[in-house]
Each structure stands twice: as structure tokens, then as C-alpha cells.
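Enquirer: Read off the chains here:
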Amino acid sequence: MTYINMIIESPLLRCIAVLILAPTIGTLLSGFDRKFTARLQGRVGPSFWQPVYDILKLFGKQQILVHRTQLAYAILHLFFMMLTLVLLVLGQDLLMILFCQAFSALCLVIASMSVRSPYSWIGSQRKILQMLAYEPTLILLILAVYLQNNSFLGFKVLERDTPLIYSMPLMFISLLFVIAIEFEKSPFDVASSHHAHQEIVKGTTLEFSGPFLGLIEVAHAYEMAMFFGLMVAFWHTSIIMGIVLALIGFILVLIMDNICARLTSWWMVRFMWTIPLTLSLANLIWLWR
Amino acid sequence: MSKFTGKSPWVVHFNCNSCNGCDIEFLACLTPLYDAERFGVLHVGNPKHADILVVTGSVNKKNMHVLKNVYDQIPAPKAVVAMGVCAATGGLFADCYNVVGGIDKVIPVDVHVPGCPPKPEAMLDGIVKAVEILKKKTKETETVTEELPVVIVKPKELPAETAAPATAKESEK
Ligand code: SF4
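These protein sequence lines are chains A and B, in that order. Quick note on numbering that gives the first Met the number 0: the first sequence kicks off at 0 and runs consecutively. Quick note on numbering that gives the first Met the number 0: the second sequence kicks off at 0 and runs consecutively.
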């Protein structure tokens with residue numbers, strides 16, 4: 000216990016711990032996702048550690064690169080995703096965190112725009128539409144946190160004595176849709192799908208191969224862990240309840256993934272700007288004092 | 000690192016000159032019913048992400064460069080499965096004017112799966128065999144394939160003078 004306390008006390012150790020733990024949590028979540036999907040389809044499915052094997056395999060493969068710019072932006076994508084997580088763990092300004100996360104996504108867009116494959120271009124254009132679809136909801140979420148704490152700082156949330164879910168249940172529902180987009184789940188997996196390849200082959204990650212694809216997969220694991228952490232933060236007073244809440248949210252997203260077909264990118268934008276945004280605004284109205 | 004290659008073989012499928020029999024069968028074989036994902040198999044549409052190249056159909060003069068290009072885009076270590084007799088030797092189309100032969104004329108092949116088209120179990124077996132081979136490969140391994148014996152079966156041409164063989168046989172009796 001003393002070690003755990005020591006890690007929680009010191010910001011540096013906390014950052015190192017989260018940088019090591021987050022990809023593990025992210026890959027385990029996608030392992031759970033693949034197993035769960037397989038069970039829903041009535042088959043055995045891969046091992047629970049399959050995403051870990053996938054990433055380790057990718058790092059052992061031959062390095063083929065289209066050009067250096069692509070690699071630079073892939074590394075920046077990973078770096079800014081890690082920075083987002085570190086800022087979140089340090090309880091920094093939530094707007095800054097949102098900015099870092101958006102820049103990380105933008106790096107992936109630039110990386111896939113920098114090659115000459117038309118599929119990759121279409122994928123990155125759709126990724127921009129995805130960002131257009133979910134960013135307003137995230138900004139409203141941060142605004143709602145501000146209205147309750149009178150501060151944009153993340154650690155102020157942890158000082159509250161009632162869980163956020165009591166005052167922001169509708170926000171949680173709209174966050175689930177954002178998470179479905181971020182985790183590349185149907186019906187929102189227009190830019191790059193996590194399961195089978197799709198009509199634009201693999202979209203944004205099309206021109207990456209071997210270890211460079213591995214970098215993007217690691218960044219994705221960080222991203223998954225970060226959004227899972229956001230869901231846990233909705234019930235910060237009890238960590239067990241937080242994890243239960245986050246798992247329920249994650250399973251709901253997986254069920255939606257399995258029962259929906261992929262829809263068009265503009266449908267996604269229209270949907271996100273109506274239902275989740277209305278839910279968030281309704282939630283915001285009753286928080287406004 | 001190479002021991003993980005065997006645990007997550009991602010398959011890309013290339014239709015060379017096939018009659019589509021093998022393609023339909025192979026794609027059906029990757030559906031949830033046979034659950035190829037329990038071996039870690041993912042069907043990817045992109046050679047740059049793949050480890051195993053599955054080729055159906057024979058090679059002809061037009062597509063041999065395409066096949067070579069697809070093969071070169073796969074990062075090593077990689078394995079090639081020739082699905083069906085067409086991919087092995089040219090099969091039904093072996094003596095067509097434009098057909099070069101089996102895919103081993105263009106790229107090195109690791110596993111041949113016989114059948115026209117092969118059974119789903121044989122296809123999965125072929126993939127699992129390729130995974131075993133893939134485990135032993137490193138980034139530098141070069142694959143060499145032996146020449147397969149090609150037997151071309153077609154009816155012999157009739158000699159010109161025996162115009163009516165049936166009647167000749169009757170007269171002998
Ligand atoms: S092996 Fe048979 S089924 Fe397969 S491509 Fe050749 S002719 Fe078609």
C-alpha cells in the first residue's frame with residue numbers, strides 16, 4: 000500500500016506509472032472487445048491478449064516507409080496522445096487537454112494526407128468530419144464541468160464530494176457517442192475501422208506498415224485508456240463504482256457496434272450535431288445558475 | 000519478436016486469374032462460422048498490413064507484374080499460400096494461350112492447398128501450415144520453391160488415316 004501511496008503522491012511517478020499502465024489497459028480493453036464481439040457472434044474468438052500479440056508482431060516486421068514526413072507525424076500523433084494523458088493525470092486545464100487531443104488526431108490526418116493514396120485521403124477527410132462531429136460535445140462537457148467547479152482545472156473534479164454522474168447523466172450518454180467515434184465503432188467507423196477493412200480499405204492507416212503501424216496502434220491504446228479514464232472520472236468518489244460505470248458504458252458501445260451497420264460520414268455529423276448535442280445542451284441548462 | 004508473428008497472422012487475399020470459385024470459398028471460410036480469428040487471423044484488404052498472402056487462380060501475362068508488386072509491398076517476414084490447383088500449377092487453365100502457370104513462376108510459395116476449390120477445412124489447414132512456416136522465418140529469410148511437376152492432360156489428336164475407328168474394330172471381330 001505504501002508504494003501505491005508513494006506513486007499517487009508524487010506527480011512524476013504518477014506520470015511514469017500512467018504511461019506504462021495506459022497502453023496495457025488500452026490493449027486489454029480491445030482484447031475484451033474482440034472476445035466479446037466473438038461471443039456475440041457465437042464463436043470462440045481470439046485470445047484475450049491478441050491485441051498485445053498484434054502490436055508486438057508489428058514491431059518485429061520489416062520497416063517500409065513511404066517518406067519521412069509520414070513517420071514524423073505518426074510519432075507526433077503518439078507523443079501528443081501521451082501528453083494528453085499526462086496532462087489529464089496531473090489534473091491540468093481541461094481545455095488544454097482537449098487541444099492536445101485534437102492536435103494528436105490532426106497529426107494522424109496530416110500523416111495520411113501526406114501520402115498519395117486516394118483511400119488514405121478519403122480516410123483523413125472523414126477523420127476531419129469525425130472531429131467536427133464530436134468536438135462540440137466535448138467542449139460542452141468541459142463547460143459543464145466548469146459550471147459546477149468554477150474552474151477548468153481537472154483536479155478540482157477530484158475534490159468534489161458528489162460524483163459527476165449525478166449532475167451530468169445526459170452528458171455521460173453523449174460522451175458514449177463520442178467514445179464510439181474515437182474507438183472506431185459502427186455506425187461511426189467511417190475513417191478507419193477497427194475490425195474488418197472497409198470500402199476505403201483501411202482509411203487513415205492505409206499507408207503505414209510494420210513498426211509504424213505499431214506506433215499508431217500504441218497511440219490508439221493510449222486513447223482508449225484515456226477515454227476509459229474519462230468515464231471512470233464520472234464516479235470518482237468510489238473507484239469500484241467508477242470502473243463498473245465505465246465498463247457498462249464500454250459494453251453499451253460494443254453492443255451498438257455489433258448491431259449497427261456503418262453509415263455515411265455526413266449522417267454521422269448530422270446525428271452528432273442533433274441528438275448528443277441536444278442532450279448535452281439540456282444537461283447544461285439545468286446546471287446553469 | 001518473430002514468435003509473435005505466428006500468433007497474429009493477418010491475411011490478404013489476391014485474386015490472380017481465378018474463376019472466382021476459390022475466392023468465394025475463401026471469403027466464406029473467413030466468416031464467423033469457421034472462426035478463423037481464433038488463430039489470430041484477420042482478413043485485411045491491404046498488403047502493407049499483411050503477413051500471409053493468399054493467391055487464388057493462375058498467373059497470366061497481364062497480372063504477373065501486379066502479383067509481384069503486391070508481394071513486394073508485404074513487409075517481411077511473410078508467407079504465401081497458393082489456394083487451389085490453379086494457383087499451384089495453372090490447373091484448368093494451364094494450357095490457355097495467355098497463362099504463364101502457377102504463381103510459383105512469379106513469387107516464392109510456401110504452402111500449396113490442393114482442390115478445385117479446396118474445402119474450407121483444407122483452407123484453414125493451409126493457413127495454419129503457413130503460420131508454422133512464418134514462425135520460423137525472420138526478416139531476412141528468402142523462400143525458395145521447388146518446381147512442381149506439371150502434367151498437362153488433354154485428349155490426344157486423332158491420326159488422320161483412321162477416319163472411322165469404330166468400323167475398323169468391328170471388322171477385326
Ligand atoms: S482451383 Fe478451381 S475453383 Fe479455384 S480458381 Fe481454379 S478452377 Fe476456380
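Check before you lean on any hint, since a few could be wrong.
Straight line, CA to CA, 25 Å or less: simulated PhoX-like cross-link-like pairs of lysine-lysine [claimed, not checked]:
1) Lys67/B x Lys128/B
2) Lys34/A x Lys104/B
3) Lys118/B x Lys128/B
4) Lys135/B x Lys6/B
5) Lys34/A x Lys6/B
6) Lys118/B x Lys60/B
Estimated spans, in silico, between C-beta atoms of each pair [to be verified]:
7) Val127/B x Arg269/A: 23 to 33 Å
8) Phe154/A x Lys2/B: 39 to 49 Å
9) Lys2/B x Trp287/A: 55 to 65 Å
10) Leu32/B x Ile258/A: 31 to 41 Å
A few chain A positions that, by computed beta-carbon distances, are all more than 12 Å from chain B [unchecked claim]:
11) Lys56
12) Ser166
13) Glu181
If you are wondering where the hints come from, they were derived from the structure by calculation, not from laboratory data. Ideal Cβ positions, reconstructed from N, Cα and C, are used throughout, including at glycine.
Enquirer: Looking back at the hints listed earlier, which ones does the structure fail to meet?
Expert: Hints 2, 6, 7, 10, 11 not satisfied by this model.
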